[in-house]
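2 protein chains.
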Amino acid sequence: MKSVGLIVEYNPFHNGHKYHAQKAREKTNADVVIAVMSGNFLQRGEPAIIDKWQRANAALLNGVDLVIELPVEFAVQSADYFAQGSIYFLQKLGIDTLVFGTDIISEKAIDYEAFGCQVIVKQKEIDKYFQQSKKKDQGFSTQMTAVYRHFFPEMPLDFTSPNHLLGLAYARENAKYQTPMKIIAISRIGSNFHEENLAKKFASATAIRQNLLAGKKEKIKNFVPDATFTSLQNLVCWEDYFSLLKYRVLSAKTSELSQIYQMNEGFEYRLQEKIKKVKNFADLVNQLKTKRYTYARIRRLLTYVLLNIQKEEKIEKSEIPFRILGFTDQGRAFLKEKKDTVSLISKVGHLQSNMKTVIKADAIYQMATNKIPEQNYGRIPIYNSQNCE
Amino acid sequence: MKSVGLIVEYNPFHNGHKYHAQKAREKTNADVVIAVMSGNFLQRGEPAIIDKWQRANAALLNGVDLVIELPVEFAVQSADYFAQGSIYFLQKLGIDTLVFGTDIISEKAIDYEAFGCQVIVKQKEIDKYFQQSKKKDQGFSTQMTAVYRHFFPEMPLDFTSPNHLLGLAYARENAKYQTPMKIIAISRIGSNFHEENLAKKFASATAIRQNLLAGKKEKIKNFVPDATFTSLQNLVCWEDYFSLLKYRVLSAKTSELSQIYQMNEGFEYRLQEKIKKVKNFADLVNQLKTKRYTYARIRRLLTYVLLNIQKEEKIEKSEIPFRILGFTDQGRAFLKEKKDTVSLISKVGHLQSNMKTVIKADAIYQMATNKIPEQNYGRIPIYNSQNCE
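Sequences listed follow chains A and B, in order.
With this note's numbering as the guide, the letters of the first sequence map in order to residues 234 to 622.
With this note's numbering as the guide, the letters of the second sequence map in order to residues 234 to 622.
Hints in this document: simulated from the structure, not taken from any laboratory.
Some hints here could point you the wrong way.
If several chains are the same, the list does not tell them apart, and a pair holds so long as it fits within one copy or across any two.
[Said to hold, decoys possible] Using 20 Å as the maximum straight-line C-alpha spacing, the simulated SDA-like pairs for lysine to any residue come out as follows: (1) K369 / A379; (2) K512 / A601; (3) K369 / A529; (4) K593 / E546; (5) K454 / N467; (6) K509 / T487; (7) K510 / G611; (8) K593 / S476; (9) K507 / N603; (10) K593 / Q505; (11) K454 / N248; (12) K571 / D329; (13) K544 / K593; (14) K510 / G582; (15) K367 / Q356; (16) K593 / D473; (17) K486 / M496; (18) K486 / E545; (19) K235 / R258; (20) K486 / I592; (21) K544 / E489; (22) K415 / Q324; (23) K512 / D473; (24) K604 / F475; (25) K547 / S484; (26) K509 / I592; (27) K593 / L490; (28) K509 / V581.
Bound conformation, chain A alone:
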């Protein structure tokens, strides 16, 4: 079967995502559309507004044939590591083409495959230049931007766009494999990632979330499929976990916080000091902001604290669980083809050691309200015979 892979968060699944899945299928003439989707905690360090099952369900009713969960250890990560996990899934499944959205106007402006290869070839030089040009007060992504601009002056690199950064990371990661996937970038239409008004036909996930969290659910009705609209009952946001986070930070010894993944440079001391003085999560993030720490990096770090993800917990790609959240008939047929190459998890048992961190994270995710159902034990993949509403 001819396959196309997407790397997604669907927070929540909206018309733009539906368009993206359709286009991906059309452009590649694929038989099956496979999405690797973050679970209940997301790349930019925040909980998903609705749970992974509801998001997968909307996708399966709107053009996606198979949804696989990107586990929290890879999902809540900066672009490079996020790409490592998601590309690994697609490579392991032998996907032919990777399609992703880009904010660059002309679709042909960047040859991502060539870029990926070049980075691999020049890796040593790039690393050396990176070390030499390092500045104390700059965050990692600002520094990498300068490095790439130096090595690829002809490319229209727009590092203010998170999607573009992710695209480059996918390209680089993909080029490391023996048989890289073909890469196609599709322009995001009608709405830029950061755009916050809902005037047009398509709206960004950011704009949709902001309206939802402001209680203006009716405003987004025309921008999401029915499956999403009806599932928007118990919305989750960071503020729901603020008291748990505060409790954790106040009750932990500083030495315990030092064990948290990516906690360093004395950030644990600042965190314990600042959290006493703020009333909510938004204030906390603002208080912690410095030049070196982007908002996303701070939120990711706070997610690791909330979930008690420790330095030693980093998992290797080879241990990643292939957790199936759902499939259509086409998706099922594809899985059948792969059953000898990949060991898939369709039901979580109590001894699933490679899913420990996901299970822990989801148990905490559920604490936002008492209306979120069990996320793992006993849950079987969603099966939608038709992938349209």
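Since chain A is already given, all that's left is putting chain B on it; use the hints.
Same frame as chain A, now just chain B:
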């Protein structure tokens, strides 16, 4: 100055406590009544229904001259260790007489001083007998009861009463010092510890709490002084911390829970298993109950988990902070006399290393509602010039 010492929790301070303080003063003809009082977490493993300052204030307006805080490491303990901490305070302050309430009808039935001495003399024999008669399924206090009955058959030991058990522990601990305090036991009048109706003039703290938590505040008006009645605004109970406790248990690794003070025998595994299945704190305690674990022991253990008090955190008596919660004129005069022998803390600074655990515990205590004021930093002792309302 002639002094009398009390060991108390005042949860909350009621007419019986007022009577007890008056009687203690009368019987000993003391110039000053000193109370060592548990802070915000109590001997039986529960949060205080109102904070330590409000309880100290009511005491200072009703017959007590000086309130010193028994820190959480000693307060949330079984009788023996609770007695170690509280007797140490009174001994260090050179108190002449210890007065405590007893549930035994005749005040003269037990010679506590003699009992204390005898236990010290026979300690080796007692320990040996204890080891020999040990039964796997019995809790510590049941076993100790059998041991004491064996060695002191003539004494009317009633081990079903927590107050009586504490009295014996005080007597034993007191006898270890070079100059033991004189001991006077006063019968608790009008109400037994476990009694739960409010029909009489005096009511037990248990009955008062039950009415308060059931929303029947008016019912207790005649059983508490005004200072207590007016302070009963933001009531605190274990259920207020259940979600924090659940979060802690679910997010911690089992190996982290193993580090909690007094956590052993695989209790951490049972705890992680049971907490998934219960809806509230009361259910959890019931699910964890076994023959070996009394309710109080379970609640204490869960308090250590909530407060993240670890095995290594046990403090020595010599490091105990002498934290003054409040005084009257008489109390102040007494403190002046002692200023060369004891280093008193009247204001907590940010580097108070021997109060770390108290500060941590109180920060968590405050999380029950957002209406509990800061408990430590910057708080100065209450001063009531008159010790009557």
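Tested hints:
Taking the shortest alpha-carbon separations for K369 and A379, only the intra-copy value of 14 Å comes in at or below 20 Å, while the best inter-copy value is 69 Å. For the homomeric pair K512 and A601, the shortest alpha-carbon distances inside one copy (17 Å) and between copies (15 Å) are both at most 20 Å. Taking CA atoms no more than 20 Å apart as the test, K369 paired with A529 passes inside one copy only; the shortest distance there is 19 Å, against 54 Å between copies. Taking the shortest Cα distances, K593 and E546 sit within 20 Å of each other inside one copy (12 Å), while across copies they are farther apart (27 Å).
Taking the shortest Cα distances, K454 and N467 sit within 20 Å of each other inside one copy (16 Å), while across copies they are farther apart (42 Å). For the identical chains of this complex, K509 and T487 are intra-copy neighbours only, at 14 Å inside a copy versus 28 Å across copies, given an alpha-carbon limit of 20 Å. Taking the shortest Cα distances, K510 and G611 sit within 20 Å of each other only across copies (15 Å), while inside one copy they are farther apart (42 Å). Taking identical chains as interchangeable, the C-alpha atoms of K593 and S476 lie at most 20 Å apart whether they share a chain (18 Å) or sit on different chains (15 Å).
Taking the shortest Cα distances, K507 and N603 sit within 20 Å of each other only across copies (17 Å), while inside one copy they are farther apart (29 Å). Proximity of K593 to Q505 under the C-alpha cut-off of 20 Å is restricted to the inter-copy arrangement: shortest distance 11 Å between copies versus 23 Å within a copy. Taking CA atoms no more than 20 Å apart as the test, K454 paired with N248 passes inside one copy only; the shortest distance there is 10 Å, against 62 Å between copies. Within a single copy, K571 and D329 get their C-alpha atoms as close as 14 Å, which meets the 20 Å cut-off; across copies the closest is 83 Å, which misses it.
When the C-alpha separation of K544 and K593 is checked against a cutoff of 20 Å, the pair qualifies only within one copy, where the shortest distance is 16 Å, while the shortest distance between copies is 25 Å. Taking the shortest Cα distances, K510 and G582 sit within 20 Å of each other only across copies (17 Å), while inside one copy they are farther apart (42 Å). For the identical chains of this complex, K367 and Q356 are intra-copy neighbours only, at 16 Å inside a copy versus 69 Å across copies, given an alpha-carbon limit of 20 Å. For the homomeric pair K593 and D473, the shortest alpha-carbon distance inside one copy (17 Å) is at most 20 Å, but the shortest distance between copies (23 Å) is not.
Both within a single protomer and between protomers do K486 and M496 lie at most 20 Å apart by alpha-carbon distance, with minima of 14 Å and 18 Å respectively. Taking the closest pair of Cα atoms, K486 and E545 come within 20 Å of each other both inside a single copy (18 Å) and across two copies (12 Å). When the C-alpha separation of K235 and R258 is checked against a cutoff of 20 Å, the pair qualifies only within one copy, where the shortest distance is 10 Å, while the shortest distance between copies is 92 Å. In this homomeric assembly, K486 and I592 come within 20 Å of each other (Cα to Cα) only across copies, at 12 Å, whereas the closest approach inside a single copy is 25 Å.
In this homomeric assembly, K544 and E489 come within 20 Å of each other (Cα to Cα) both inside a single copy, at 11 Å, and across copies, at 14 Å. Taking CA atoms no more than 20 Å apart as the test, K415 paired with Q324 passes inside one copy only; the shortest distance there is 11 Å, against 81 Å between copies. In this assembly of identical chains, K512 and D473 lie within 20 Å of each other by CA distance both inside one copy and across copies; the values are 13 Å within and 19 Å between. In this homomeric assembly, K604 and F475 come within 20 Å of each other (Cα to Cα) both inside a single copy, at 18 Å, and across copies, at 17 Å.
When the C-alpha separation of K547 and S484 is checked against a cutoff of 20 Å, the pair qualifies only between copies, where the shortest distance is 16 Å, while the shortest distance within a copy is 24 Å. Only between protomers do K509 and I592 lie at most 20 Å apart by alpha-carbon distance; the minimum there is 12 Å, versus 29 Å within a single protomer. Proximity of K593 and L490 under a CA criterion of 20 Å is satisfied in both settings, with 18 Å inside one chain copy and 15 Å between copies. In this assembly of identical chains, K509 and V581 lie within 20 Å of each other by CA distance solely across copies; the values are 16 Å between and 39 Å within a copy.
The structure shown violates none of the earlier numbered hints.
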